[in-house]
Amino acid sequence: MDAYLRPRSLDEALALLAATPGCQLLAGGTDVLPARAGAEVWLHADRRPLLDLSGITALAGIAETPDGWRIGALATWAQLCATPLPPAFDGLKQAARQVGGAQVQNRGTLLGNLCNASPAADGAPPLLALDARVELTGPAGARVLPLGEFLLGNRRTALAAGEIATALLLPRPPEGARGGFLKLGARSHLVISIAMVGGVLVLEEGVVRHARLAVGACAATAQRVPLAEAALLGAAPDPARLLPDHLAALTPIDDVRASAAYRRHASLVLLQRLVESLA
Amino acid sequence: MTTLLLNGAAAHIDAAPQTRLSAALRDACGLTGTKVGCDAGDCGACTVLLDGAQVCSCLVPLAQAEGRAVTTVEGLAATPQGAALQAAFHAAGAAQCGICTPGMLMAASDLLAHTPHPTEAEVQAALGGVLCRCTGYRAIIAAVLAAGTGARPSAAAVLAAGANALPLGAVGDALPRLDGLPKLDGTERFGADDAPADALWLRPIRSPHAHARFSIGDASHLPVRLLTAADVPGRNGFGIYPDIKDQAVFAEGLARYRGDCVAALVGERAAVESVRWEDLPITWQELPPLTAATAPDAAPLHPRWPDNILTTGRLRSGETAPPAAHTAQGHWTTGFVEHAYIEPEAGWAERHGETIHVHGCTQAPYMDRDEVAGVLGIPLDNVRIMPSACGGGFGGKLDVSFQPMVAVAAWLTGRPVRAVWSRGESLASSTKRHPASIHASAGCDAEGRLTSFEFEADYDTGAYASWGPTVAGRVPVHCMGPYRLPFVRSQARAVLTNNPPSGAFRGFGVPQAAIAQEMLWDQLADQAGLDRLEFRVLNALREGDVTNTSQKLEHSVGLVACLEALRPHWHALRAARRTTGRTRGGVGVACMWYGIGNTGMSNPSTMRLTLAPDGRLTFHNGAVDIGQGSTTVLAQIAAEALGLPVSALHLVLYDTGLTADAGKTSASRQTFVSGRAAQGAGEALRGEILRRANAGPDARLTLSDGRLRVNGEALRLDSTLEGLGSWDPPTVPLDADGQGIPYATYGFAAQLAALEVDMDLGTIHLQKIVAAHDVGRAINPMLVRGQVEGGIAQGIGLALMEEYLPGRTENLHDYLIPTIGDVPEIKTILVEAREPLGPFGAKGIGEPALVPTAPAILSAIRDATGATLRRVPALPHRVLEAIREHR
Ligand SMILES: Cc1cc2nc3c(=O)[nH]c(=O)nc-3n(C[C@H](O)[C@H](O)[C@H](O)COP(=O)(O)OP(=O)(O)OC[C@H]3O[C@@H](n4cnc5c(N)ncnc54)[C@H](O)[C@@H]3O)c2cc1C
Ligand code: FES
Ligand code: FES
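Quick note, the sequences are listed as chains P and F, same order.
End of the first sequence = 279 in this note's numbering, gap-free, step of one.
End of the second sequence = 887 in this note's numbering, gap-free, step of one.
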């Protein structure tokens, strides 16, 4: 069995995937290759064959569709930033500019970020706020899952064996929607988030008509915070309406970057500031 | 076979498609200008352009480069911005060790191709993915901005003409580095860059457990040789002190820290890399690990130290403390800090008959020679250490790492043997800054004059002695800082634990102590109602004062001058700070002193100049330049003493077979100690020349076309003239109470930090650092500034983000060091209180730069919030906690 496969079409990729049990999918490699380097340090080299998706041109690009946008599996953070998109996507773009450094943004893909399923994946909160859905293609065809159902836990997704995540589907945001993103880390560049928030709001005459707020790095996966959204709906976008209780469902942990209590507190502060910035 | 357009020409690369592009470039194409610092996207040293866009080549499978254009540093000069960038980096001193430079240049060239006249923020965004541990980034930003504006005239010309076209390089000139050009075009050879193609590979096997017994069974099933303790021909032990060789090349049955080396695989590369952990015939029995808290009461880690106390340093000064009107006290803790040089340890060895040659990165070739001779059981003369360029050291490459292992392997196999540590191995195995747990108290009288200082600290010295005794010796004599104190009691214990060995790291324990000392002064100044800066002026040591080791400081005490230079900045920054609202401004001040050279111990250096009959003037300089600039500075000193321009010198650099012992590159000693030796060599050769020419002391020398002229008259030589300079700074060893003359001279400094604290999140935004340093004399002001800025960046890391946790932060995305966006504007003020002992009045700067930064930052946080941080790094959650406790 070859240790490395680089199909040129999706069909070929699905066939190879079916024929190569235990292989690992590869897009930009910015999660896969660092993890492999880490494993090699203690002689636990990851010898799974790699199935490199980068040669499948059909998976490239970001396209406007009748219902919204389709972000291909190979679309990178840098490509996203270079694509003209409505203001609702501003938060996603702000996240994109803070994923690693320029080198990582030039290579890393949005879908790779989601499929890697780190609790600190910066793409997840703004994409949850945009009501993103993930298109998964397997031997039997494609299915589409809301992002919240795709992300199952730390390093766990709903991707089934034999499937490839082929695109992110983003609905056309409501008229007047604006998005934002705030990231908190211990240094200015190249930093894994201690906590981050993404949100999309629609205001009509000073009243919140549509609210999507999501928090990352404060649970096994990024989470929408429906109580906080509800607290804003129908009222002025007043940050003070957001209360600690609204975030009770989060389950942050202590780690080398911060304490759980701090994360809980900081996520509320970040959400309040996000609302303030979108007001 | 992968085909790509490499630096403008088609290249066919025969390597597996999943090979990292970085490895393919280096190994298959021989383009070693692309550096590897982590293989994980974290350091950016491997940055190349892929179709014009910067990428980490370590994260690009070769197959993904098929049919695409790849530009590496070797191809940079041919690009429109490339040569301008290289010249600007050279002129600005933007490359110190040079290991990050190719990555920086490539990232910058991507930026300038799209944004020819970038702003500072654009430079930071574009270069944010490349780490530099040496420069503090400010010179790099300046260089990219300069290249962008085209402010550098005839950029390519500077490069083409080389060093000879540069200023004469008199003492005091900001001469660009003499060894600078290879760092810019990818031709510099670091430890991983130049091993013979037929070298075998060596891969250490390290304990994954902090404390474990182990046994090694039959290894005959492995495809390669497994070296163990039994294979070491000489003494299976090394260590800094001649009488402490406590760390084994290959541990014998007991692993004392996670990362301890127990064996090594040696063989052809692919075979070595095929071995999996499960294949190893090693069985482990884990033992409970000792920590600094439990070790003093636990069974000994080494029989030699029954109470697990490696050593205790003490100082007693003054019989009774004068009465105090105000007192302050506190407890502070610091964590392990990693050197994080961007070049992981790498090198190779080759046996030549009964002699061994060892190549690679090091700070201490003569100590390496002694260790290699010891482990091989051969005479010193049969070992030659040939240092490669060193991609940063900061104290971490003073201890041997790969040297004994590759030497043993090459000795036994008769083949050249190389080793390159991965980043994870480097982090797990290398020495660290000592974590300290400090209790300190102090008092002052009603006018604010200090009356007493008491200090007791445990330093976690890890599993092996390394430089622990040096740290325990240096801390008690420095911990009161550069102040007049009638009464001092200080003690520092080095406690053995199952943590990584703590060794030498810029400042040898003093930066940790300075945090406690300076935080106490802030508290006392407030109580006495004094301005914090004036409190320090009031108490500062001055010329003629006697230190707490009873040393009279006759000369070169520039601390008050430093503080006075800061005073206008202090007032301006304090007046400008925001004192209400969500983010609050604070300004902090801190001072330091630092003894130059070894503590109360001989540390000589010898330099040699020769002038051959054909007019070839050669400077034999054994001081390793690890980026700090000694190659340039020592040449400036030697040339000035001789009376010829620097460009007249041919350099023979650090090789134990060719140069005399200049001592190690540590303790900020090379400018001061080797500088004096270089001055001596210059004067001695000048004396020889003048004697032969029968000329007076003011005679003018010139050297051109191989002919030496004295006052215009040609001087014929029939044999080579030599000028030898040796110097050992005069010191008196410390007695049991820490009394003596530990150092011949001291560097002094004071720094200000201005920052803003987010009161709701605990995050810190640094705004400015103003640093005033008394360096005696700045032989090369540009290089001194580079040391100050680089030291400050490491101080920022210590204060705000760096904390090594074994097993948890073993890579550069969990272990955070400052990036280009984390170092604010730095204003450096050089104070020159001449040191009569030093070369042309110079002292040292390497370590002093780092010491006051962390305390100045903590002082500023306290100014902004009222909260005193008790633990560094001041991560946001710790800052917020401190703010809440204070409220
Ligand atoms: C230095 C550095 C800094 C970083 N900083 C950040 C940061 O700030 N924030 C952040 O969120 N992330 C960060 N990352 C992580 C990483 O860059 C992102 O997660 C990136 O978006 C991953 O995309 P990729 O294409 O490189 O994924 P890959 O590494 O190729 O793949 C990632 C995972 O997804 C799977 N996968 C990829 N594509 C598909 C697919 N189409 N279908 C199914 N499975 C797939 C792979 O099998 C793998 O498990 C950083 C990485 C590095 C090296
Ligand atoms: S080696 Fe590629 S980023 Fe460090
Ligand atoms: S010069 Fe940047 S790492 Fe040494």
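These aren't lab readings, by the way, just hints derived from the structure by calculation.
There could be a bad hint or two in this list.
One side of the interface only, derived from the structure: several residues of chain F facing chain P at Cβ under 8 angstroms [unchecked claim]:
no. : residue
1   : 14
2   : 18
3   : 41
4   : 47
5   : 64
6   : 271
7   : 422
8   : 759
9   : 760
10  : 763
11  : 767
12  : 801
13  : 818
14  : 819
15  : 820
16  : 824
A virtual CB, placed ideally from N, CA and C, is assigned to each residue, including glycine.
Legend entry - Interface hint for residue 763 of chain F, Cβ within 8 angstroms of any Cβ on chain P: OK, holds: residue 763 of chain F within 8 angstroms of chain P, min 7 angstroms.
Inset, instruction - Return the status of the interface hint for residue 760 of chain F: holds when the least beta-carbon distance to chain P is below 8 angstroms, violated otherwise. - result: holds (5 angstroms)
Legend entry - Proposed interface contact between residue 18 of chain F and chain P, which counts if any beta carbon pair is under 8 angstroms: holds (4 angstroms)
Inset, instruction - May I ask you to test the interface hint for residue 818 of chain F with respect to chain P, counting a Cβ-Cβ separation under 8 angstroms as satisfied? - result: holds (7 angstroms)
Legend entry - Closest C-beta approach of residue 271 of chain F to chain P relative to 8 angstroms, hint status: violated (13 angstroms)
Legend entry - Hint check, residue 41 of chain F versus chain P [nearest Cβ-Cβ separation less than 8 angstroms]: holds (5 angstroms)
Inset, instruction - Under 8 angstroms, Cβ to Cβ, is where residue 824 of chain F needs to be relative to chain P, so tell me if that hint holds or is violated. - result: violated (10 angstroms)
Inset, instruction - Classify the hint on residue 820 of chain F as holds or violated, based on whether any CB of chain P lies nearer than 8 angstroms to its CB. - result: holds (7 angstroms)
Inset, instruction - Against chain P, run the beta carbon of residue 14 of chain F and see if the smallest gap drops under 8 angstroms. - result: violated (15 angstroms)
Inset, instruction - Could you check if residue 64 of chain F really has its C-beta closer than 8 angstroms to a C-beta on chain P? - result: holds (5 angstroms)
Legend entry - Hint check, residue 819 of chain F versus chain P [nearest Cβ-Cβ separation less than 8 angstroms]: The hint holds - residue 819 of chain F has a Cβ within 8 angstroms of chain P, the shortest such distance being about 4 angstroms.
Legend entry - residue 801 of chain F as an interface hint toward chain P, with CB separation required under 8 angstroms: holds (5 angstroms)
Consistency with the previously given hints fails for numbers 1, 6, 8, 11 and 16, ordered from lowest to highest.
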